[in-house]
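Protein chains: 2
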Amino acid sequence: MIQIAVMGYGTVGSGVVEVLKTNRESIAKRVGQEVNIKYVLDLREFPGDPVEQVLVHDFETIVNDPEVKVVVEVMGGVEPAYTFTKRCLLAGKSVCTSNKALVAAHGAELLQIAKDKNLNYLFEASVGGGIPIIRPLQTCLTADEIVEISGILNGTTNYILTNMTYHGANFDDALKDAQEKGYAERNPEADVEGHDACRKIAILTSLVSGQRVDFEDIYTEGITKVTAEDIRYADKLGRVIKLLAMSKKEADGKYYAMVAPFLIDAANPLYSVNGVFNAIFVEGNMLGDSMFYGSGAGKLPTASAVAADVVDAAKNLGENLGFYWSGEKLELGDTRDDKRRFLVRVKGDAKADAVAMEALFGPVEVVDAGVAGEFGFVTGELSEAEYAERAAKTDAVLNRIRVEG
Amino acid sequence: MIQIAVMGYGTVGSGVVEVLKTNRESIAKRVGQEVNIKYVLDLREFPGDPVEQVLVHDFETIVNDPEVKVVVEVMGGVEPAYTFTKRCLLAGKSVCTSNKALVAAHGAELLQIAKDKNLNYLFEASVGGGIPIIRPLQTCLTADEIVEISGILNGTTNYILTNMTYHGANFDDALKDAQEKGYAERNPEADVEGHDACRKIAILTSLVSGQRVDFEDIYTEGITKVTAEDIRYADKLGRVIKLLAMSKKEADGKYYAMVAPFLIDAANPLYSVNGVFNAIFVEGNMLGDSMFYGSGAGKLPTASAVAADVVDAAKNLGENLGFYWSGEKLELGDTRDDKRRFLVRVKGDAKADAVAMEALFGPVEVVDAGVAGEFGFVTGELSEAEYAERAAKTDAVLNRIRVEG
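Chain order of the listed sequences is A and B. In terms of the UniProt record's numbering, the first sequence has 65 at position 65, counting the first letter as 1, and numbering is strictly consecutive. In terms of the UniProt record's numbering, the second sequence has 373 at position 373, counting the first letter as 1, and numbering is strictly consecutive.
Don't read these hints as lab results, they were simulated from the structure. You may find that some hints are simply not true.
Copies of the same chain look alike in the list, so a pair counts if it fits in one copy or across any two.
As the list claims (entries may be wrong) - Pairs of lysine-lysine, DSS-like flavour, derived with a Cα cap of 25 Å:
| no. | residue 1 | residue 2 |
| --- | --- | --- |
| 1 | 38 | 299 |
| 2 | 393 | 176 |
| 3 | 393 | 86 |
| 4 | 315 | 117 |
| 5 | 29 | 69 |
| 6 | 249 | 21 |
| 7 | 351 | 254 |
| 8 | 115 | 315 |
| 9 | 29 | 254 |
| 10 | 29 | 248 |
| 11 | 248 | 21 |
| 12 | 339 | 236 |
| 13 | 299 | 249 |
| 14 | 236 | 248 |
| 15 | 29 | 249 |
| 16 | 299 | 248 |
| 17 | 329 | 29 |
| 18 | 254 | 21 |
| 19 | 347 | 176 |
| 20 | 248 | 347 |
Work out the full structure, taking the sequences as your base and the hints as a guide.
Below is the structure:
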């Protein structure tokens with residue numbers, strides 16, 4: 001029997017307990033021995049919940065118990081999760097986590113400690129919830145150079161955008177609906193401003209490049225400025241707007257990463273990923289296009305991914321599995337040099353004003369979505385810097401959305 | 001440096017050589033040493049091709065060379081691949097393959113030999129080409145009970161059905177087009193009759209259940225009877241027709257497997273998998289729905305999956321990775337007991353004849369796709385046996401397609 005501890009009895013933590021209990025037999029078969037939850041750490045009491053029997057309030061109980069070989073950290077946030085994780089690893093315990101904030105902030109250091117001590121720091125659930133992506137990147141796509149990872153990595157924003165696209169909702173109403181359904185927090189900033197997706201794409205880029213990516217370096221734009229009018233233009237173009245977290249290795253050998261709303265067309269496999277689902281598109285230089293799709297959040301899907309990490313950690317005590325990136329900082333390419341087309345909405349009338357816009361932006365494709373007092377156009381390929389420079393020369397611009405592909 | 005041999009220099013074999021050459025450095029980094037192709041086995045000559053330097057015509061050269069630790073078998077077909085694979089394993093060499101016919105026919109025995117000898121018999125490329133699915137099932141979804149795997153597992157038939165759906169082609173023309181583009185063989189039977197998909201779902205069911213599934217036991221229906229009229233009815237229902245290979249674990253604990261054309265709706269993630277792409281939908285009891293999407297065939301994607309197996313085999317010399325099912329035969333559930341709805345097309349006129357059909361099939365939803373001299377209807381839930389019994393009582397039935405979900 002292998003003893004584990006779960007730190008944090010919130011949504012994911014209680015899910016992990018449930019998964020390990022429900023599938024106890026099949027998990028024991030895979031590990032080769034039974035997995036027993038010796039402690040659950042939480043500051044709160046849970047009167048009447050069977051967890052009471054193993055509930056502890058003091059982290060020292062866990063870190064000082066040599067019987068505990070694997071610790072699940074599902075507390076969220078950087079502190080005290082960081083201190084606790086580091087101490088567990090230094091005490092010779094593998095750690096499995098869903099904590100993207102911590103992995104994005106201190107992954108390199110924690111992975112190094114795990115490597116040095118022949119332990120594992122596993123974080124499948126930190127990106128894409130229940131979708132297997134970290135392990136496939138590490139163990140399946142090993143004959144490929146990964147040239148692109150782009151994903152719909154945040155379920156809240158995808159739910160909101162889906163609602164806006166298919167039910168004509170505006171952003172505020174769609175957000176309110178998401179909050180009422182429990183898909184968005186009361187303070188939704190981390191989701192709707194793209195911070196959550198940013199941390200996830202930082203983790204994926206670190207894994208693919210083998211170097212530390214500082215998430216603060218990644219240009220991040222949320223969906224709060226996406227309007228019902230934008231959606232009408234997208235529809236006119238046969239496209240949908242998705243919040244993409246994107247990381248591409250360009251010909252110069254540099255990685256270009258960005259989080260922003262993009263217009264994508266039906267040929268893109270991410271086009272039909274709707275609601276709270278997430279999906280991660282991966283392009284390998286040999287494999288071509290592939291995509292991993294599933295529940296990007298939610299109690300049991302996320303817990304399933306954490307529990308799969310527990311299985312792996314328990315099966316491989318004393319052996320580091322090679323999930324790793326170095327502490328050496330990766331200098332990302334300057335996204336201002338990134339070239340793409342832009343959908344631009346401007347005040348005015350296409351007949352009268354398109355010429356002036358072409359004089360400014362070069363040849364454009366005018367889009368009439370039937371919105372009074374304005375029109376739209378799609379530019380040719382421009383770098384971000386070129387677009388910004390030109391847009392600054394007019395006060396007609398209402399909004400712009402990047403066009404992918 | 002680790003020495004390997006490639007048996008078969010056809011499409012996939014030459015692809016494997018190309019992948020190992022193109023990504024040599026990154027692969028060496030992952031393996032921890034360089035991977036060198038010491039021999040390529042083929043009966044043919046390849047004058048002017050660099051492969052000449054390592055080309056051998058005699059299998060004995062490979063099996064008797066103790067330096068060769070990993071053998072790639074990409075010859076296809078059961079013999080002589082079976083004899084060669086068995087002899088390689090018995091000689092202490094791990095084997096990586098894309099050969100679904102061999103894995104479906106003799107997987108249990110070959111996996112047992114590999115296990116007994118602390119070697120690996122790896123077959124990621126045998127299902128879904130470049131799509132990682134075998135390894136995710138084995139190493140990622142380990143905290144779940146898999147309750148369903150359904151996939152679009154054959155690119156040829158998906159290309160044909162996509163063409164029929166979106167360009168109104170009939171089956172013969174769509175097949176001809178697929179043959180001209182190289183997506184279908186001159187003798188297309190294995191693809192269009194569903195045999196290829198059948199072998200793949202047999203492999204997946206074996207892996208999930210841990211027992212040997214005989215592919216001959218799986219009810220298999222191809223797409224040769226799907227007509228342009230069927231597509232019109234599907235369209236009227238807001239559905240598309242896909243050849244699904246399906247395996248479900250029902251409440252009675254039995255696995256029900258089947259290959260047949262199904263009507264699926266837009267809520268199904270397989271709905272928008274088009275052209276030669278494949279996708280595999282997996283439902284776990286904790287994870288919920290997930291899907292793996294990518295190139296189901298093609299030289300480099302398939303070779304990428306084989307090469308990833310080579311990386312794994314090379315990294316784990318002397319250690320069996322646990323890819324395994326026992327030789328004990330799995331008794332599949334009787335698909336005649338499977339319950340679902342059916343789209344039925346019948347001769348006649350809805351106004352005059354729907355009543356007679358309801359008398360026979362129970363309450364139905366009539367579908368008018370504007371095809372002269374006939375009409376369609378969707379039945380309520382019936383078992384396969386019930387449907388067959390009722391349909392036998394009328395000579396009006398033109399075709400029937402199963403409805404999924």
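25 Å Cα cut-off: does residue 315 pair with residue 117 within a copy, between copies, both or neither? both (16 Å within a copy, 20 Å between copies)
What label fits residue 329 with residue 29 when the C-alpha limit is 25 Å: within, between, both, or neither? between (41 Å within a copy, 20 Å between copies)
Can you tell me if residue 299 and residue 249 fall within 25 Å by alpha carbon in one copy, between copies, both or neither? between (33 Å within a copy, 23 Å between copies)
Under a CA distance limit of 25 Å, which applies to residue 29 and residue 69: within one copy, between copies, both, or neither? within (18 Å within a copy, 30 Å between copies)
Measure nothing new, just compare the shortest in-copy and cross-copy C-alpha distances for residue 254 and residue 21 to 25 Å and report within, between, both or neither. between (45 Å within a copy, 23 Å between copies)
Can you give me the call for residue 248 and residue 347, within, between, both or neither, at a CA distance of at most 25 Å? Classified as neither; 34 Å inside a copy, 55 Å across copies.
Residue 351 and residue 254: within-copy, between-copy, both or neither at 25 Å Cα: Intra 42 Å, inter 67 Å, cutoff 25 Å: neither.
One pair to classify: residue 347 and residue 176, alpha carbons no more than 25 Å apart. Within, between, both, or neither? neither (29 Å within a copy, 51 Å between copies)
Classify it for me, residue 393 with residue 86: is the Cα-Cα distance of at most 25 Å met within a copy, between copies, both or neither? neither (52 Å within a copy, 72 Å between copies)
Is the C-alpha distance from residue 393 to residue 176 at most 25 Å within one copy, between copies, in both cases, or in neither? neither (36 Å within a copy, 55 Å between copies)
Go through the copies and call it for residue 299 and residue 248: within, between, both or neither, with a Cα cutoff of 25 Å. For residue 299 and residue 248, only the inter-copy Cα distance (24 Å) is at most 25 Å; the intra-copy one is 31 Å.
Intra- versus inter-copy proximity for residue 248 and residue 236 (alpha-carbon distance at most 25 Å): Neither way: residue 236 and residue 248 sit 28 Å apart in one copy and 41 Å across, limit 25 Å.
Figure legend: structure checked against the earlier numbered hints; hints not met, in rising order: 2, 3, 7, 14, 19, 20.
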